[in-house]
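Enquirer: What follows is each chain in one-letter form.
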Amino acid sequence: MKEKFDKNVLLVARIVFLLFSFVFLGICNGEFLYKMQNVSYFVFSDGLKEEIVGQSGGLLTYLSSYLTQYLYYPLLGAAMLSVLLSALEWLVEKLTHSPVFSFAIAGLVLLAQTSVGYAIYDNFRSPFIFSLVLGCIVAVLLALVYQRFSSNKYAAYVVMAVASLLYFYIGLYACVPLVFVAVSALMKKEEMAVVKAVLGVALTLILPYIAANFVYFEDFAATICAPVPAPYFLNLFLISLTVLVLLSLSPLFAEKLQALADRLSTNKVWVSYLAILLLCVGIFFGSYRDANYHTELKVQRLAEAHQWDELLKVAKEVEQPSKTIFAYRCIALSCKGILARSMFDYPCTFKVVKTNYVSEQPRYYEDIFLYSSFINNAYLWSMEFWCTTGYSYEHLKKMILCSLLNDEPMLADKYIQVLKQSTFQRQWALEYEEYVKDLDKMLKKYPEFVEVKANMPKECIVSTLDPLRKVYAQYSFLSPKNAERRLLADLWNRNMAKFLRDALPSRSLYAHSDVPESIKEALVICAMKQGDPSFLKDFKVTQQQVNLVQGFMGQLKKYSDKEEAKKALSKYKGHYCYFYVFANN
Amino acid sequence: MDFAKYSRRAWAGCFLVGFMLTGCADRLPEQYKSSDADVHIYPDYANLVIPCNISPMNFIVKESGKACALKIEDEKQQTIVATAKSDMKISIPSAKWQKMLEENKGKDLTFTVYVQGEGGEWVAYKSFVNHVSQEPIDRYLTYRLIEPSYMSTGIIGLYQLDLTTDEQTCIINNHRMKKNTNPSREQCCVNCHTNQRNKPQNTSFYYRGKGGGLILTYEGKTYKVNTKAGDMYAGTVYTSWHPDLPFIAFSTNIIRQSFPSVGIEKVYPYDFRGDLVLYDIEKNEITNILKTWDKLESFPYWSNDGKMLYYCSSDSVMRTPADLKRMKYDLKRIPFDAATKSWGEPEMVYQASKQNMSATQPRTSPDGKFMIFTLGEYSSNAYTQRSADLYIMDLSNNEVRRMDEVNSPESDCYHSWSSDGHWLMFVSRRDDINYGRPYFTYIDEKGVGSKPFALPHIDPNHDLELMESYNAPEFSKAPVAKSRADYEDVIFNSEVIDAGFGSEITAVDSLDSYSGASKMVKPY
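Protein sequence lines, in the order shown, are assigned to chains A and B.
Here the numbering used here is used: the first residue of the first sequence is 1, the next is one more, and so on.
Here the numbering used here is used: the first residue of the second sequence is 1, the next is one more, and so on.
Computed spacing ranges between beta-carbons, pair by pair:
{"id": "1", "chain 1": "B", "residue 1": "Ser86", "chain 2": "A", "residue 2": "Val83", "range": "27 to 35 angstroms"}
{"id": "2", "chain 1": "A", "residue 1": "Val83", "chain 2": "B", "residue 2": "Ala37", "range": "50 to 58 angstroms"}
{"id": "3", "chain 1": "B", "residue 1": "Ile497", "chain 2": "A", "residue 2": "His306", "range": "56 to 64 angstroms"}
{"id": "4", "chain 1": "A", "residue 1": "His97", "chain 2": "B", "residue 2": "Pro93", "range": "50 to 58 angstroms"}
{"id": "5", "chain 1": "B", "residue 1": "Asp404", "chain 2": "A", "residue 2": "Val352", "range": "52 to 60 angstroms"}
{"id": "6", "chain 1": "A", "residue 1": "Asp309", "chain 2": "B", "residue 2": "Ser86", "range": "40 to 48 angstroms"}
{"id": "7", "chain 1": "B", "residue 1": "Pro93", "chain 2": "A", "residue 2": "Arg426", "range": "28 to 36 angstroms"}
{"id": "8", "chain 1": "B", "residue 1": "Arg319", "chain 2": "A", "residue 2": "Thr349", "range": "39 to 47 angstroms"}
{"id": "9", "chain 1": "A", "residue 1": "Thr242", "chain 2": "B", "residue 2": "Ala485", "range": "29 to 37 angstroms"}
{"id": "10", "chain 1": "A", "residue 1": "Gln307", "chain 2": "B", "residue 2": "Gly119", "range": "40 to 48 angstroms"}
{"id": "11", "chain 1": "A", "residue 1": "Arg426", "chain 2": "B", "residue 2": "Gly119", "range": "21 to 29 angstroms"}
{"id": "12", "chain 1": "A", "residue 1": "Gln417", "chain 2": "B", "residue 2": "Pro93", "range": "22 to 30 angstroms"}
Just so you know, these hints were derived from the structure itself, not from any lab.
For glycine and all other residues, C-beta sits at the position ideal for the given N, C-alpha and C.
Take the sequences, apply the hints, and build the full model.
Expert: Here is the structure:
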């Protein structure tokens, strides 16, 4: 059959697949790969090794955790993954002699890898992206060994024994050769075929039971699936399971499938090329492609790298932001010192993506608290995510930042010493190790932290769970910056009564600085509502500004339809009066 | 068969193995310069009294160099040599170490560290001496590992460590419970492993969560008890087994947490309610010890003879979180008559509130001579307060002394006496202010502690890398009698037994709480 499938076509198909997976992973999913690495955690530590290897499928998880570090450089990671995927395809083809089947398997694995979606935020400690492809390779290799030596009457038993032992190291993947041997023995009507089949199936059922109850003391469902993410991550789980079932049962249909494909494409090379093209297109459109997803990941990376201008540029291109993108934009504006000027020049009805993942909403909490000078709250949230969604470089780095800014060098040093034991994040750790002894150096390099330190609130117990709307409102009037943030929170909430209550006592704080335009416009709105403009002069509101708001309100009255008004008054976009009425939607 | 050929091969093999063994043996440098400087090592294991059965006290040499060596020498000039490469981690051979300790009970050991500089020259730093005690330390330590400050429940486990081998085993963790409940993230937790002083095979801990309760192992049987009985507003929390009889004194508390926005202390746990109850194991019955509406009681602890129950008590109650820093606890005790199961009148033992301080966690020594407690600025929870220090009271004259020889500028609390009263273990946050680590000190006849030392590990970096705190550790003479599988079987498969209530029901509030210390309820 293979002969029928032209060797050159196969070679071209393999090259196309290799290139596609490299480009698709490295370019289209570069942000995802970096994030995947950032939410993972691997350090050369005996304790961590013991902990990971002590779980079902632990050895594979440990190796994959190590490799996940290489996603720090997305192109390098993509190259590694593409080569592994191609190796898998090649091995499956050797096993089944069916290029159609082998490409389908490799394609499904690639699809699973890029279908993580928002699960990346939540409890995603499994280094799934490498363990799936590596696990499949080990499973196929074992099946190949069996196939190569199947004429030997002990081959099936030896392979099953090895697979059973391997179960405790690579988890579910070891079940593939067990079922494969069982199915093959039945198909080939080998001697003692029924015994082999029963043994293969029985081991597949018994091993997870033994592992869950006597070795790892884990939940049965979690153990049976490990290290494939538990059924909770449904899309990943289903694709992975499909791959494993197809590999296990491949003796049943792989050859028939290839025969069918050969019949369809006899002497028509273009059909083969079309098939590989369809596969690539299918993967592209089948992977997770929510409009904001990669942008969200990107703004988080840019925030971590203190690239505020780039972050604002990326956020600006978003049509309807998610809460996370909005929050990071606020952080960037704040770090650039232009929050008051630009906060209301942005859509504020957030795009909500419905997912099963619990942590999607508060992902930005630690950063918004950090850059709002609530250091302890930022640390608390980092620790919260660290505990509940799994250890990660991301949270560890945040805890280092918090410790440094909170004048806790000993704690920062502890974390830094741990981070230094990683392969690539070590660079970050080495940079921040210098700041343990010389915090001024850090403040000099990252001036936004000067503001963070200067605006730290005095004794204050924050109980809010939604910092995006409320964190600034927690500020007392200790400094203009704090007062301003509090006023902005009121304006954001469009709570004009509260805004006026907060604004009046803060007027003296603006004695030596300019009152932001947005606050002046809001004051005009309040004055119009109350019919009392007396307080406007205290805030240096000009007649021009009064005219602008009055003009806007006057024109607004002309329209009975809100949508029509919004369109007609779009020239006011960016002004607070526009935000107040239309919320930029 | 050519025997000569095989014989030559055998000799060659022996020579090779012998060469490898001698070649790999740890050796001291032959030439070195002597220095008067003290060597910096982590953990600080210099000038200590050490237990005669402790596991090797491995350490990292914190001097710059490319290799180092350690010589331990006893009074008979017998030595142990250990070397390290550039990681500077000294790993003392376990068997030799144990033998040397055994042979040198009551004697001194001299430790000399040699460091090879980048240029290849060796320097011998000033030697230090550690004294080996006659008295062994209790072999096991049980504790909970938990991250220091957060709101929900992550992976939490109770562990047992063999102090003679540094072998840690998991008693129970909430891994399986967590995975069962994900993604709803229902709280489930395990905590407070304690045992009976004179019958260490009798133990208890809590499993908090759906169908949770006190997991009690008594006389070889393990079962699950719901200790919230009668009109109790919450389940039981802090535990003290009677030294001999089948009684457990508990506090019953409603505990909450606040998270301050600024400052190094990141979490303020506090009690909203607190009373004391007695659980009669054989009758499966709870009775009130102290039920007060205008006071908070907590941290019960039996005297060695079981005739007195020590505890801490505040004269005011929490109304709002703002009251937190006004909460000052005194130490009190209440006589107990085991024959009639009756209680006398509470007596003041130490009035910390008079000094505007708060005294908690009273623990008497096994010989009944001393009591060590924690004194902090406020509230009953000392472990997050930097001001928390250990104090010792001579019970013959009630004189109190701050244990400056063991305290640090950071929180020192959660102490536990060894069964013979010579060793004291406590949790200190001195390393980084946030993570609690066990420290040990030898307590002499006069109640004076030796220089405390950190828990030794095979990998001296272990606790530096550990991202969890040791919480509520306790000494134990015997290992945990039941396996993890046994405990899980009880947790998952057995029905909870409701404890009876033997006191008069006087409830004036009908609070909805269950067997969980941290259940968020509004008491007022």
